[in-house]
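Undergrad: Kindly produce the complete structure, drawing on both the sequences and the hints.
Protein chains in written order, with the numbering used here: chain A, 1 to 306; chain B, 1 to 294; chain C, 1 to 324.
Calculated directly from the structure, the hints in this document are not laboratory data.
Please note that the accuracy of each hint is not assured.
Here are the computed lysine-lysine pairs in the BS3-like style, where the Cα-Cα straight-line distance is at most 30 Å [what the hints assert, rightly or not]:
{"#": "1", "chain 1": "B", "residue 1": "K240", "chain 2": "B", "residue 2": "K252"}
{"#": "2", "chain 1": "B", "residue 1": "K70", "chain 2": "B", "residue 2": "K252"}
{"#": "3", "chain 1": "A", "residue 1": "K220", "chain 2": "C", "residue 2": "K82"}
{"#": "4", "chain 1": "A", "residue 1": "K44", "chain 2": "A", "residue 2": "K132"}
{"#": "5", "chain 1": "A", "residue 1": "K132", "chain 2": "A", "residue 2": "K220"}
{"#": "6", "chain 1": "B", "residue 1": "K240", "chain 2": "B", "residue 2": "K251"}
{"#": "7", "chain 1": "C", "residue 1": "K93", "chain 2": "C", "residue 2": "K134"}
{"#": "8", "chain 1": "B", "residue 1": "K70", "chain 2": "B", "residue 2": "K180"}
{"#": "9", "chain 1": "C", "residue 1": "K93", "chain 2": "A", "residue 2": "K220"}
{"#": "10", "chain 1": "A", "residue 1": "K205", "chain 2": "A", "residue 2": "K224"}
{"#": "11", "chain 1": "A", "residue 1": "K224", "chain 2": "C", "residue 2": "K134"}
{"#": "12", "chain 1": "A", "residue 1": "K220", "chain 2": "C", "residue 2": "K296"}
{"#": "13", "chain 1": "B", "residue 1": "K240", "chain 2": "B", "residue 2": "K70"}
{"#": "14", "chain 1": "A", "residue 1": "K224", "chain 2": "A", "residue 2": "K132"}
{"#": "15", "chain 1": "C", "residue 1": "K93", "chain 2": "A", "residue 2": "K224"}
{"#": "16", "chain 1": "B", "residue 1": "K286", "chain 2": "A", "residue 2": "K132"}
{"#": "17", "chain 1": "C", "residue 1": "K296", "chain 2": "A", "residue 2": "K205"}
{"#": "18", "chain 1": "C", "residue 1": "K93", "chain 2": "A", "residue 2": "K205"}
{"#": "19", "chain 1": "C", "residue 1": "K82", "chain 2": "C", "residue 2": "K93"}
{"#": "20", "chain 1": "A", "residue 1": "K205", "chain 2": "A", "residue 2": "K220"}
{"#": "21", "chain 1": "A", "residue 1": "K205", "chain 2": "C", "residue 2": "K82"}
{"#": "22", "chain 1": "B", "residue 1": "K180", "chain 2": "B", "residue 2": "K195"}
{"#": "23", "chain 1": "B", "residue 1": "K70", "chain 2": "B", "residue 2": "K251"}
Sample of chain A residues with no beta-carbon within 10 Å of chain C, all distances over it, derived [what the hints assert, rightly or not]:
{"#": "24", "residue": "V5"}
{"#": "25", "residue": "R7"}
{"#": "26", "residue": "L36"}
{"#": "27", "residue": "L91"}
{"#": "28", "residue": "S163"}
{"#": "29", "residue": "I173"}
{"#": "30", "residue": "E202"}
{"#": "31", "residue": "L209"}
{"#": "32", "residue": "A266"}
{"#": "33", "residue": "L289"}
{"#": "34", "residue": "L294"}
Here chain A is said to cover these stretches of chain B; the calculated rule only asks that three of the stretch's residues, wherever they fall, bring their Cβ under 8 Å from a Cβ of chain A [unchecked claim]:
{"#": "35", "segment": "144 to 157"}
{"#": "36", "segment": "222 to 229"}
{"#": "37", "segment": "240 to 251"}
Backbone N, C-alpha and C fix where the C-beta goes; we use that ideal spot for every residue, glycine too.
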Amino acid sequence: MRRYVARRLGYALLSLFLLSLTIFLFVRATGDPAVLLVEPGASKDDLETIRRELGLDRPLWVQYGSFIGNLVRGDFGQSFYYRTGVLELYLSRLPNSLLLATAAMAFSLLVGIPTGILAAVRVNGWWDGAGKIFALLGLSMPSFWVGLIMILFFSVYLGWLPSSGSGSALHLIMPAVALGWYFAAAHMRLTRSSMLEVLGAEYVKLARLKGLPEALVIGKHAFKNALIPVLTLAGINLVIMVNVAVVVETVFAWPGIGRLLYEGVAFRDFPVVQATVLLGGVMIVIVNLFVDVLYAVIDPRIRYER
Amino acid sequence: MNTSRSASLTLSGRFAALRLSGVPLIPMAILAALVLIALFADVLAPHDPEVGTLGDRFRPPAWLMGGSDKHLLGTDHLGRDVLSRLILGARVSVVVGFTAVIVAGILGTGLGILAGYLGGWVDQVIMRITDTWLALPALTFAIFLAAIVGPSEMNIVIILGAVYWTRYARVIRGEVLSIKERDFVRLAVVAGCSKRTIMRRHVLPNVVNSAVVLATLMLGVVIVTEAALSFLGVGVPPPKPAWGLMLADGKKGLMAGYWWLTVLPGACIMLMVLAANLLGDWLRVKLDPQLRQL
Amino acid sequence: MSAPLLEIRDLSTHYVSARGTRVVRAVEDVALRLEAAETLGLVGESGSGKTTLALSILRLLPPAARIVRGEIRFEGADLLTKSNAEMRRIRGKRIAMILQDPMASLNPLFTIGDQVAEPIRVHEGTGRRAAWGKAGDLLRAVRIASPETRLTEYPHQMSGGMRQRIVGAIAISCGPRLLIADEPTTSLDLTIQAQYLSLLRDLQRAHRLAMIFITHNLGIVARMCDVVAVMYAGRIVESGAVREIFNAPAHPYTRALLESIPRLGDAQERLAAIDGQPPDPAALPAGCAFHPRCPKAMDRCRDADPPPFTVASGHSARCWLWDS
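TA: Shown next as structure tokens:
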């Protein structure tokens with residue numbers, strides 16, 4: 001197990017290195033990165049100062065070295081708009097996005113898994129048909145549109161829920177459902193197909209031959225096995241959610257990193273944009289690592305992999 | 001070098017299989033209609049989508065009170081005709097969507113074949129890059145790139161292509177790895193064909209299926225991403241009507257209850273994505289059951 | 001003479017396609033008799049209906065299959081009239097079954113102990129600790145070394161032979177009267193097969209178990225079974241005591257099967273095979289299903305499906321040749 005974790009850790013570190021390199025190169029690739037890295041409305045002298053400060057005339061690998069050095073020290077640049085370090089800004093908003101993503105993930109799993117299981121157990125029945133339609137629609141509706149429609153319904157027409165901001169559980173409901181909707185459909189689909197596969201397995205047949213009650217056959221033997229791919233996907237999806245939440249957060253003015261990114265773009269606050277991409281990637285790498293380890297905990301076969 | 005073609009399935013053979021079973025009429029009809037609308041948008045649109053009459057703002061659709069036949073689906077906050085904007089928006093979605101998917105497809109398939117067939121350091125390099133780019137969240141990455149190069153229709157296509165090629169590369173490389181072991185490839189190697197010829201004549205036709213399926217599945221994703229970019233203001237720049245942009249504008253009238261500005265553009269997006277997904281699912285099942293895990 | 005443990009009369013199980021168009025007569029008109037502690041060999045090629053017959057007894061058929069008529073009397077009661085709940089209590093407890101692939105039969109995510117103890121806990125209501133203790137005893141009974149360690153391990157850590165023994169342990173855990181083994185040695189190495197078969201034999205003697213041994217291997221039948229039933233295209237074409245049938249096979253199919261086994265010492269140059277292919281179960285030939293391949297086919301065989309005729313006491317064959 002330890003060897004497995006160590007190997008995964010190595011891969012993660014490699015990914016992080018490549019990630020930073022990619023971002024770095026992209027910024028440099030446009031020819032004059034100084035324009036980006038300087039406040040909008042800066043004068044020519046300011047541009048020159050920045051160029052010298054960043055050492056844009058020095059060789060690329062030296063620049064990268066100092067870039068990485070800064071990152072490791074936690075210096076992701078200064079936000080033009082907020083006038084504070086970008087990292088602190090990001091970290092202060094991150095919990096909000098995590099909260100939103102967790103709520104959305106909970107919603108997607110609570111809706112997706114049971115419906116998927118039901119669709120598989122009553123395959124080709126009414127429930128399965130309804131589920132298929134729900135899945136199709138869910139996967140085709142952009143999350144921000146779902147959010148806007150919900151605002152129309154629950155805020156404008158019914159007046160039940162607040163249309164923006166954060167601060168109470170009521171504020172969380174609509175953004176979480178809007179964000180989770182697509183994933184609920186995806187999880188339902190995966191649960192259904194995974195469950196169908198498991199239900200056809202020999203060990204399920206044997207469980208029935210043992211005379212176990214159907215609830216035990218499905219709830220114990222089929223369920224855990226069917227869940228493996230779904231949870232793997234869910235783990236990866238969680239981070240995707242945090243990042244894709246940009247639009248949902250913008251629609252609902254939810255103060256997370258997604259909205260931060262939007263502000264960065266709207267106010268031409270490039271350091272914020274750059275850091276958000278970078279940190280978004282870092283999060284994905286970390287979560288992938290976590291999911292790999294979690295996988296090994298659930299599925300004993302993985303632990304003994306050489 | 002002409003080696004045996006019987007083992008390697010030809011494109012026409014595959015398409016023959018397609019014609020035999022029930023073609024999904026509805027998604028294809030929807031997509032065909034959208035393409036036609038895109039082509040003839042200028043003729044179809046009743047009004048100029050970019051210019052509006054300020055006196056005519058926020059008119060509801062014709063069948064509601066306050067609506068008029070002049071603007072069948074109402075007007076937006078600048079008095080522009082919604083129907084015309086939707087039609088022109090279709091052009092944007094179709095053009096950007098299809099082009100981006102093709103660009104990403106060519107790039108991704110090409111690199112996937114190279115990585116899979118050549119192996120070695122080429123494979124390692126391409127795969128490391130792919131993995132890294134896959135770790136970057138697509139939407140965020142696209143926004144980042146748009147912030148760097150600035151938004152324009154052309155740039156968006158390039159950006160989307162740059163973000164999504166990795167999805168192809170991964171899958172195609174996997175396919176190539178197994179194709180490499182098949183007899184007709186080995187025969188070609190033994191016969192002395194150059195690597196380039198083999199990749200072009202034997203490997204490529206056999207991965208085209210997967211690439212096409214992927215492209216159809218990616219179409220939906222690309223369109224939603226483009227809509228998101230437009231919604232956030234970094235997509236196709238105004239006043240050109242993109243559905244995502246219409247949603248952003250529509251938000252302004254949302255609290256006042258001007259629902260058609262939100263529901264209609266979003267419904268168009270959903271329709272196109274739905275058609276693409278249905279077609280993609282059907283293609284996936286028909287062309288290559290091995291791809292079911294996609 | 002006491003009533004047999006298992007008596008099947010007139011059993012027919014059909015698979016119906018979704019639109020009701022194709023009907024596959026997987027099991028047709030089957031009659032069987034099994035006494036306590038007796039072993040029946042059920043022989044036939046793939047697709048002859050052996051597994052469907054086994055699943056019919058346990059009433060665990062897939063949704064497309066239907067038992068259209070018949071009677072399955074087990075311990076005096078007709079299983080076909082029992083409710084689902086009653087069948088559930090019988091499965092695993094009074095009738096057990098072993099499947100072919102031991103790796104696939106065991107759930108990869110749960111420990112051996114959990115899986116062996118499970119039927120004991122469900123059927124006998126035993127507590128966890130006691131059930132695990134009994135599981136250890138069962139592993140010992142199937143000759144697995146250091147059973148206590150094995151209990152906490154997972155299926156993928158065992159060898160194929162061990163897994164099949166564990167499956168055997170699960171099967172006998174609640175003291176069933178009848179064990180159905182569906183090709184249990186087919187996926188085992190040859191060297192392990194013999195050990196496993198002798199284990200089954202010993203278990204049978206120790207627990208007075210009746211067995212239905214499904215196989216396509218006549219050698220195993222000769223070793224393990226007291227009586228044998230030969231299946232072809234869903235019907236039992238011949239049944240009787242093993243010795244009888246091996247010495248004097250009555251049905252041409254049985255004869256052909258026996259002849260196709262190469263014998264050491266025989267100066268045979270070519271392996272005798274049966275001409276033709278097994279019939280498509282959805283499109284059976286008219287009359288006797290075997291007639292297209294039968295060297296002794298008569299006109300009668302094309303017209304009508306023969307009923308079972310008595311060849312000798314306890315030995316019958318479905319063949320017009322024996323119509324006296």
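Undergrad: May I ask which of the numbered hints given earlier this structure violates, with the numbers listed in increasing order?
TA: 4, 8, 12, 17, 30, 31
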